[in-house]
Amino acid sequence: MRVPISWLREYVELPPEVTARDVARELIAAGLEVETIDELGADLTGPIVVGRVLAIEELTGFKKPIRHCQVDVGNPEPQSIVCGATNFAEGDLVVVILPGGELPGGFKIGARKTYGRMSEGMICSERELGLGDGHEGILVLPPAYGAEPGQDAVELLQMRDDVLDIAITPDRGYTASIRGVARETATAFSVPFRDPAAEPPPVQAEDSYPASVADPAACARYVLREVQGLDPAAASPIWMTRRLQKCGVRSISLAVDVTNYLMLELGQPLHAWDRGKLQGPIVVRRAESGERMETLDHVERSLDPEDILITDESGPVNIAGVMGGLTTEVDEKSTDIVIEAAHFSAESIARTARRHKLHSDSSYRFERGVDPELQRKAADAAVRLLAELGGARILPGETNLRAPVEPVTITIRADHPDKVAGMTYGRDTVVRRLRDVGCEVSGDDVLTVTPPSWRPDLRDPNDLAEEVIRLEGYENIPARAPRSVAGRGLTPGQRLRRRAGRALAAAGYAEVLAYPFVSESDGDALQLPADDPRRRALRLANPLTGDEPLLRTTLLPGLFRALARNVGRGFGDVALFEIGLVYRPKFTSSGEAVPPPPRLPVDRGPTAEELAAIEAALPDQPVRVGAVLAGEHDLPGWWGAGRPANWADAIEAARIVAGEAGVELEVAADQHAPWHPGRCAALRVGDVLIGHAGELHPRVIKAFDLPPRTCAVELELTRLEPWAARVVPAPAITTYPVATQDVALIVPESVPAAEVEAALRAGVDRHGAADLLESIRLFDLYTGEQAGEGNKSLAYTLRFRAADRTLTVEETTGARDAAVAEAADRVGAVLRGG
Amino acid sequence: MSAPNKSYDPVEVTALHPDEVARVRADALAAIDAASSLEELKQVRLAHAGDRSPLALANREIGALPPHAKADAGKRVGGARRDVSEALKRRQAELEDERDQRVLVEEAVDVTLPWDRATRGARHPLTTIAERMTDVFVSMGFEIVEGPEVEAEWFNFDALNFPPAHPAREMQDTFFVESEESGLVLRTHTSPVQIRALLGRELPVYVVCAGKTFRTDELDATHSPVFHQMEGLVVDEGITMADLRGAIGAFVTGMFGEGLRTRFRPYYFPFTEPSAEVDMECFVCRGASAEPGGEPCRTCRSEGWIELGGCGMVNPRVLVACGVDPERYSGWAFGLGVERTLMFRHGVEDMHDMVEGDVRFTRAFGMEI
Ligand SMILES: [Zn+2]
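Here the protein sequences line up with chains A and B, keeping their order.
Per full-length UniProt numbering, residue 1 is the first one in the first sequence, and the count goes up by one each step.
Per full-length UniProt numbering, residue 1 is the first one in the second sequence, and the count goes up by one each step.
Calculated from the structure, these hints are not laboratory results.
There could be a bad hint or two in this list.
[Claimed, not checked] According to the in silico footprint, chain B covers these stretches of chain A (three or more CB under 8 Å from chain B):
id, segment
1, 413-422
2, 479-490
3, 607-621
4, 800-813
Ideal Cβ positions, reconstructed from N, Cα and C, are used throughout, including at glycine.
Just chain A, with the same shape it has in the complex:
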């Protein structure tokens, strides 16, 4: 809402020394969000005067038409001015800036020779004067302005004014008007306020244009007035067009300007019809299905049964409160006008505006709640202005349909604002402030409060408390030191997420936070099988970009894109991770999407069953951690060669994360997209699959434009949380000496190392020496001649130590032999050199 200070002063007795800045500060303190102050005309310097074009000489021989004009600016001699515009004629009144003047942007005007003629000043356009940019060409003043050559144009056109731009919060619909802002300003400065809607017109016995309301819930107030004999040529007066312009509204015709002007002043949207185009009585009703109409913006709209319509015998003429139709529009020949002032259901208008994506100044106000006692006053003001400015005759009669509206009264303890604010105002202050906002107040300790008709937002005791507290000043609320409460700190899951992030960062991974929006083609790019559950993603109804409508079921595509971006920017040796949610839609056992959540009431708390029904409709949203790495893991340098990142680093990243949860991952070969089928590990804790790691499938690498041999890991962190809560038991540290046994085993190449190690452990266990085995470590892997064709040699160090004695050679060799025997048994291991 743009609010010219000059208009505000008409209704608020502000002392002359109060500036726009002062007003803005007080309004902000009262809760009106003043975003900017436009100081119109602040950078204009006169002389800027009205001129009459006496003679025009068209100059030729230039690239564009040039005019040399003689202009009467009130001096005995006409002014010689060269002008590049052609939209004016001899006899027109224009605005001239004379030498010595200055236009916005520091543009100084002097007398100079141009196009071979002397030019002593300039004929101005609206844009050059900073009046607006609605029109191209020179500003030609309508005769209705009654301007005289030589008259000060700055004053005539009210070029100097300060305009506040106020962002209106949804609860303050009444401030979408000069009336509402003026009331707040008067209260803030404790000065008298003159209500432009104070005196409603006398009630008239007879009806005006016939109308009926079919659905009173849609329309609680419906007022029509009529005028005849409007002069279609009558122009809006300068004060009206300038105020409209300052508020950002374009002047169209007197009838339309009057409705817009009163909407800005009072907050009541009005509509004007050409009486001659209406056919029969008006009916306010909901649309029937299949109904259509063409609105003023030349869009043919199909209507929804919830839309409120204004109809006549021809069908819909307006989408009520939102936009008029083309068939009954006021045009340049209209002389008989019907004025409509109504009160429509805020919720209904909001839905209609949203449904048709049709947000007008009118719907904006209806959505936020229009004063239901304003309609008769606004319609009366409209017909009076049409009579006064357009020579129209006001017809007697007034159509005035009213549905009963339940009056709102709020009961509030007089000390309730004290209890909300944490300070003492006292009953008298509370009552005074409530009356300031227009409430009727009665009672002592308990107050009965009737909010004014223009404040539909005041419904609850806290709404009234806010009025008192804001008017008394938020800055006066004291600060009380926080209470000390007994918190239990972070949950194990929260700790795990932080620890996993720190551990991966310490291991060289940089965290990214990718958008969760993914493309439908990502499933193919990831080489996912057709029935892979990761292809069943939630879809957004209104994605930002059409090619990323899905919500991720895996973190990897986002990580791939971040990796590719870094590589593209010259960082090829890079490791990234992300911790975030994936979204897995739920399905019934028959594969149907689960039903939507119930819409619960809000006048009571939900039951356990109702909450469960909501939760059942929400997708699963587990926390995952993903990482990708490419290029060199260890960079080459003066110390020697580098080492490329490989599948083992990806598995190690998984181990790092699992280590933070205090568990060892069991690693097994797997074939799982998007990984390389021969270089992919499934990672488990017991029977629980935690995730996968390894090198990516070459086709995935190609599809996402990643460096060769890029590796990745993705784990479901949520599945590690149960272990993170575990209390780690301290190990017993024994100081008896260690006994080591090295064994080299030859096994077929296809045997996984994890199975060989498992066999060695089992052998020691079977020997009854599990307590003595401190560790098994693979220290060498050899394939070649000495291992034999198709074989490999795995060399392990077994470390034994007892808690209570020094082990004998017989004990340790016995355990080692048992281990080797078990390995021979399970995987056909042969002791090398044995």
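Dock chain B with the ligand against the given chain A, drawing on the hints supplied.
Using the frame of chain A, we list chain B with the ligand on its own:
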């Protein structure tokens, strides 16, 4: 040479002669001093202190002396041997020292060589600043709560007193999960977690939440469709706006330092009533930039104040929707944007830096912020 006792070996006797002992001692000490390496000193030790050295031989002769001469000769030879031994020890230490000095010099390396063998990792500054912000509340005894990002409309709007079709819903441009009737949205704020906390916990409730939120804004320098909020919620008996001011003051102190003022401006949120926007005094210029003639300040654009976030007293309608008795309980809520906080606290100029995952940006912030 006198020969007092014929039964004694005259040669050996010569060896024990005081002059001879002195000479042998002097020879030994000179040789020790002259030894220029540990190897030479080893030879010297063998020659002058070894089993076949003159002093060792002389020592052996003492037994053959007549009793009256034994003590005298023993003292003389013993003294000489002690002197030689000490000289050897001293010289040994000197030479070892010299050797060590030399070796350490020879082993010197260029410690200015770079060791950039491993790439450096880092946590995202939005993660770490959100942790830091929540931890200020955790230190006041609050607990961290969480909720889903795909949320039921009832949690995201209805229970928070956004009536259906109310313009307040339009303030938050919402991503809907298909279809529009699904009743599911990407949460537009972290406030649904307030509802979850009130429904899921015993009263009183002192909780803080930080997480991802979503609105249909195109990515530009100051907007992102995916962003983060942090918010605190208290519901207890006798909670007032004074408590809210106190808690926000404590948060500002914890995040930005001592002595910064805050101010409230009336505002509107459906889920709080009364509602306010909070500004804090600029922690860089402390308001000086807004004074006449003050140095310009980039952090607050010379306004002296920084817009921090929104807050208010929990709307009793929200308490009712959560089954909490608003006659007995009241509360406050306070929320702010994590991206915005990172931007003004660290001078981040462009939202793109936070969403693109460029390692140069992330690495600059390290592990904590
Ligand atoms: Zn500053």
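Hints and how they fare:
1. Only when three residues or more bring their CB closer than 8 Å to a CB of chain B does the claim for the segment 413-422 of chain A stand; here the count is 4, and the claim holds.
2. Coverage of the segment 479-490 of chain A by chain B holds [criterion: at least 3 residues with CB-CB distance below 8 Å; count 12].
3. Chain B is given as covering the segment 607-621 of chain A, and this holds because 6 residues of the stretch bring a CB closer than 8 Å to a CB of that chain, at least three being needed.
4. Check on the segment 800-813 of chain A: 0 of its residues sit with their Cβ under 8 Å from a Cβ of chain B, so the three-residue criterion for coverage is violated.
In terms of the numbered hints stated before, the structure departs from hint 4 and from no other.
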